[in-house]
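Peer 1: Here is how the chains run, residue by residue.
2 protein chains.
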Amino acid sequence: MSAPSIATAKEVFDLVSDDLLAIELEFNQQAQSEVAVIRDIARYLIAGGGKRIRPLLLLLGTKALGFTGDSRIRLGAVVEMLHTATLVHDDIIDDAQTRRGQPSANTTWGASKCVLAGDWLYMQSFHTALQERNFHILDLLIGLTQQMVEGELLQMQKLGHLINEEEYFDLIFRKTAMLFKVSMQLGASLAGSPDAIEQQLGEYGRNLGLAFQIVDDVLDLTGEESTLGKPAASDLREGKATLAVIHALERGTGAEREAIRTVLADRDFTRVKHATILEILRHHGSIEYAMDAARAYAEAARQSIADLPAADAEAAKALRALQWVPGYVTDRDR
Amino acid sequence: MSAPSIATAKEVFDLVSDDLLAIELEFNQQAQSEVAVIRDIARYLIAGGGKRIRPLLLLLGTKALGFTGDSRIRLGAVVEMLHTATLVHDDIIDDAQTRRGQPSANTTWGASKCVLAGDWLYMQSFHTALQERNFHILDLLIGLTQQMVEGELLQMQKLGHLINEEEYFDLIFRKTAMLFKVSMQLGASLAGSPDAIEQQLGEYGRNLGLAFQIVDDVLDLTGEESTLGKPAASDLREGKATLAVIHALERGTGAEREAIRTVLADRDFTRVKHATILEILRHHGSIEYAMDAARAYAEAARQSIADLPAADAEAAKALRALQWVPGYVTDRDR
Numbered sequence: 001m002s003a004p005s006i007a008t009a010k011e012v013f014d015l016v017s018d019d020l021l022a023i024e025l026e027f028n029q030q031a032q033s034e035v036a037v038i039r040d041i042a043r044y045l046i047a048g049g050g051k052r053i054r055p056l057l058l059l060l061g062t063k064a065l066g067f068t069g070d071s072r073i074r075l076g077a078v079v080e081m082l083h084t085a086t087l088v089h090d091d092i093i094d095d096a097q098t099r100r101g102q103p104s105a106n107t108t109w110g111a112s113k114c115v116l117a118g119d120w121l122y123m124q125s126f127h128t129a130l131q132e133r134n135f136h137i138l139d140l141l142i143g144l145t146q147q148m149v150e151g152e153l154l155q156m157q158k159l160g161h162l163i164n165e166e167e168y169f170d171l172i173f174r175k176t177a178m179l180f181k182v183s184m185q186l187g188a189s190l191a192g193s194p195d196a197i198e199q200q201l202g203e204y205g206r207n208l209g210l211a212f213q214i215v216d217d218v219l220d221l222t223g224e225e226s227t228l229g230k231p232a233a234s235d236l237r238e239g240k241a242t243l244a245v246i247h248a249l250e251r252g253t254g255a256e257r258e259a260i261r262t263v264l265a266d267r268d269f270t271r272v273k274h275a276t277i278l279e280i281l282r283h284h285g286s287i288e289y290a291m292d293a294a295r296a297y298a299e300a301a302r303q304s305i306a307d308l309p310a311a312d313a314e315a316a317k318a319l320r321a322l323q324w325v326p327g328y329v330t331d332r333d334r
Numbered sequence: 001m002s003a004p005s006i007a008t009a010k011e012v013f014d015l016v017s018d019d020l021l022a023i024e025l026e027f028n029q030q031a032q033s034e035v036a037v038i039r040d041i042a043r044y045l046i047a048g049g050g051k052r053i054r055p056l057l058l059l060l061g062t063k064a065l066g067f068t069g070d071s072r073i074r075l076g077a078v079v080e081m082l083h084t085a086t087l088v089h090d091d092i093i094d095d096a097q098t099r100r101g102q103p104s105a106n107t108t109w110g111a112s113k114c115v116l117a118g119d120w121l122y123m124q125s126f127h128t129a130l131q132e133r134n135f136h137i138l139d140l141l142i143g144l145t146q147q148m149v150e151g152e153l154l155q156m157q158k159l160g161h162l163i164n165e166e167e168y169f170d171l172i173f174r175k176t177a178m179l180f181k182v183s184m185q186l187g188a189s190l191a192g193s194p195d196a197i198e199q200q201l202g203e204y205g206r207n208l209g210l211a212f213q214i215v216d217d218v219l220d221l222t223g224e225e226s227t228l229g230k231p232a233a234s235d236l237r238e239g240k241a242t243l244a245v246i247h248a249l250e251r252g253t254g255a256e257r258e259a260i261r262t263v264l265a266d267r268d269f270t271r272v273k274h275a276t277i278l279e280i281l282r283h284h285g286s287i288e289y290a291m292d293a294a295r296a297y298a299e300a301a302r303q304s305i306a307d308l309p310a311a312d313a314e315a316a317k318a319l320r321a322l323q324w325v326p327g328y329v330t331d332r333d334r
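Chains V and Y are the protein sequences, given in the same order.
Just so you know, the first sequence maps onto residues 1 to 334 in this note's numbering.
Just so you know, the second sequence maps onto residues 1 to 334 in this note's numbering.
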């Protein structure tokens, strides 16, 4: 059969807006605790927003497979809660001052309380997932979380150092693409799909997650603070080399390599300016190289599910929406 | 039937030494990760020792119920690993410099890596427990972990403030007694015991855990740094009021109450000396009051399982050992 056609943003929104609202309510309800500070931090994090792309993927995956049970709402909240838990701990580690344009939770409540709030969000995610009484779902979620935590530790060890593309892709798989992958696999698992279908959806999620993170890293290099909701070039300020930077390092002159090395080691733009780095990246087409890689993964995501049959009209719409998401991911400016 | 007689330390040791060694090996094996720093931190924590009282309880509980499967070794490692995960995060929060007489993990590797190492240990505990394919066991462990995390947060909120006995017992239940309780319940769950037996063993664990923490808190007040492996009166230095202190606060003169308040607020002994506080506690019999409470909980633990029938000779030995543990807990000096 031919590849499904691609939906518009409005079609996708209409398809899942009710479910996304239900997930928002579920997430709020899950963030209840008798301990006031947990409620406060959890509500702050929920209100802080985010693109909710992980729940969106889970919803579209279940819909494409014809599953409509309430579990999709619960697990949609779980993947967003797990994501939020990792952000809370990551922001402590990076000593981040802002997140999505607002003071980070660690700035507001202090690192100590946020260590525990992050722990609590992890546990609440698992507590909610446990209600499904499905061991495979728990295997996916626990395995995922270990990979994400290991990814963050690997990244810490590499801060300030030059890394190669292979190391970069390992890091972004663990830190981002695996949660995208699992969000899709959970949908297949809920629908009771055969392993082959779960793998196909997982492959879609993995490719999409890689594309998503590459774009995020490019936006971090090229975006303005007002759009990003955090200081421009935060990655370089934290000593993180991302794909475009790695590309330029492999092609630059001795002086250019030295300029990039200096920024990664200094973790600020005192000795070498941000504009100088951007000039080096532009000169070697490194931004375009990274965006080409992102677009290739986005296309691979589309191909991963191109031959999935649609059970009914709603499933066909969801498949069209899944064909739309990769373009949204690569074309966004924030 | 009459209450079982009480074993000697040597009998208890002979009964479980092979199993405790097997748990040590399992714990070591579980602490493997492809990320070097996780292995390093995990091995450091394992080598740092500890009384292994939680695995001991699980072993004695399963033995008393006639269960001899390998799961007891795996879950024995799980409860110790969970305990270790909480210690790692607690030490970050308390900014503890030492643990068991050695530099704390956060002092050695820094707080950031230890946030992630703690996360990883939590996940590895659940990963190992998941292998049992038993939802009830997962419910117990996840529920427990949430209570422990909430307990630590409640404690943080109360630092430097006066608390009453009710608040104190709620805190030590969450922070210590619940893990003792769950260690016993896991044994019953593995043995496939009816709910009533699981409740009885859980009650034993809860009472024992309360006794254990009360004694820990008394030792913190009265012990020497060389015996404790951490500075004397650490709790007062962290602004924590424990049972003997609460007792003295309720009975002391205005000046005595003010002295205690000052230490809790200052979190050091500059304005009021450690010896002054000890003198106030002795004058009101507060240490003895706390130890009496501990001994009462120890006795309640013994009574909780006094009527449990022994299936065979090995089970009878384990029951005798469980009658021994409460005395060990209240009579120790470290």
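Hints listed in this document are in silico derivations from the structure and should not be mistaken for laboratory results.
Mixed in with the good hints, there may be bad ones.
[Said to hold, decoys possible] Quick look at which bits of chain Y chain V covers, simulated, 3 or more residues with Cβ under 8 angstroms: (1) 75-81; (2) 154-166; (3) 185-191; (4) 299-308.
[Said to hold, decoys possible] Which chain Y residues stay away from chain V? Per the calculated CB distances, all over 12 angstroms, these: (5) Ala117; (6) Glu203; (7) Arg282; (8) Ile287.
Please read all numbers here as calculations on a predicted model, not as lab measurements.
Backbone N, C-alpha and C fix where the C-beta goes; we use that ideal spot for every residue, glycine too.
Peer 1: Any Cβ of chain V at or closer than 12 angstroms to alanine 117 of chain Y, or is the non-interface label fine?
Peer 2: Contrary to the label, alanine 117 of chain Y does not stay out of reach of chain V, its closest Cβ about 8 angstroms off (not over 12 angstroms).
Peer 1: At a Cβ distance under 8 angstroms, does chain V reach at least three residues of the stretch 154-166 of chain Y?
Peer 2: Since 3 is at least three, the answer is holds.
Peer 1: Far enough from chain V: is every CB of that chain over 12 angstroms from the CB of glutamate 203 of chain Y?
Peer 2: 23 angstroms, holds
Peer 1: Between the stretch 185-191 of chain Y and chain V, see if three or more residues pass the 8 angstroms beta-carbon test, and mark the coverage as holds or violated.
Peer 2: With 0 residues in contact (Cβ-Cβ under 8 angstroms with chain V), the coverage given for the stretch 185-191 of chain Y is violated.
Peer 1: With a Cβ-Cβ cutoff of 8 angstroms, does the stretch 299-308 of chain Y contain at least three residues near chain V?
Peer 2: Result for this restraint: violated, n = 0.
Peer 1: Does the no-contact call for isoleucine 287 of chain Y survive, Cβ to all of chain V over 12 angstroms?
Peer 2: It holds; isoleucine 287 of chain Y is separated from chain V by about 30 angstroms at its closest Cβ, greater than 12 angstroms.
Peer 1: Can we confirm that no CB of chain V comes within 12 angstroms of the CB of arginine 282 of chain Y?
Peer 2: Holds, because the least Cβ-Cβ distance between arginine 282 of chain Y and chain V comes to about 34 angstroms, which exceeds 12 angstroms.
Peer 1: Checking C-beta pairs, does the stretch 75-81 of chain Y have three or more residues closer than 8 angstroms to chain V?
Peer 2: violated (count 0)
In the structure shown, a violation is registered for the earlier hints numbered 1, 3, 4, 5, in ascending order.
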